[in-house]
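Colleague: Sequence:
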Amino acid sequence: MKIFRVISAARCAVTDRYYITRGAKGKYPLDSENYYNILVRESGPSTHNPVKVARNFYTAYQHNIERIKKTEQMMHMFDKPSLPARIYHRMFKK
Numbered sequence: 003m004k005i006f007r008v009i010s011a012a013r014c015a016v017t018d019r020y021y022i023t024r025g026a027k028g029k030y031p032l033d034s035e036n037y038y039n040i041l042v043r044e045s046g047p048s049t050h051n052p053v054k055v056a057r058n059f060y061t062a063y064q065h066n067i068e069r070i071k072k073t074e075q076m077m078h079m080f081d082k083p084s085l086p087a088r089i090y091h092r093m094f095k096k
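Just so you know, the sequence shown maps onto residues 3 to 96 in our numbering.
You may find that some hints are simply not true.
[To be verified] Computed list of lysine-lysine pairs in DSS-like fashion (alpha-carbon distance at most 30 angstroms, straight line):
id, residue 1, residue 2
1, Lys4, Lys54
2, Lys82, Lys95
3, Lys4, Lys72
4, Lys72, Lys82
5, Lys71, Lys82
6, Lys4, Lys29
7, Lys27, Lys54
8, Lys82, Lys54
9, Lys4, Lys82
10, Lys4, Lys71
11, Lys54, Lys29
[Said to hold, decoys possible] Here are the in silico distance ranges between beta carbons for each label pair:
id, residue 1, residue 2, range
12, Lys82, Arg57, 23 to 29 angstroms
13, Tyr20, Pro86, 52 to 58 angstroms
14, Val16, Ala87, 34 to 40 angstroms
15, Asn51, Tyr90, 56 to 62 angstroms
These are computed hints drawn from the structure, not numbers from a lab. A virtual CB, placed ideally from N, CA and C, is assigned to each residue, including glycine.
Generate coordinates for the entire structure from the input sequences, incorporating the hints supplied.
Modeller: Structure, rendered in structure tokens:
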């Protein structure tokens, strides 16, 4: 599960940085300007300095790791089957 978390966070960080770079050039739909501003606030503006690029990518990566952990924590409530599902499974068990 941890490998999935790392890969997914890295993929989302790359996507976030891609949208920030496109937004800096003005190539985003009008309705996504607010989304662009939120991404810039979370991981920093578009830049071409390699050190700042790596730093901003790491910031976006950390933000996505936290988002994935929160999602996993919320989904943990649904891991155990509900009482009606368990009764149904026991009644019609093959």
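Colleague: Report the numbers of all earlier hints that the structure fails to satisfy, in ascending order.
Modeller: 6, 8, 12, 13
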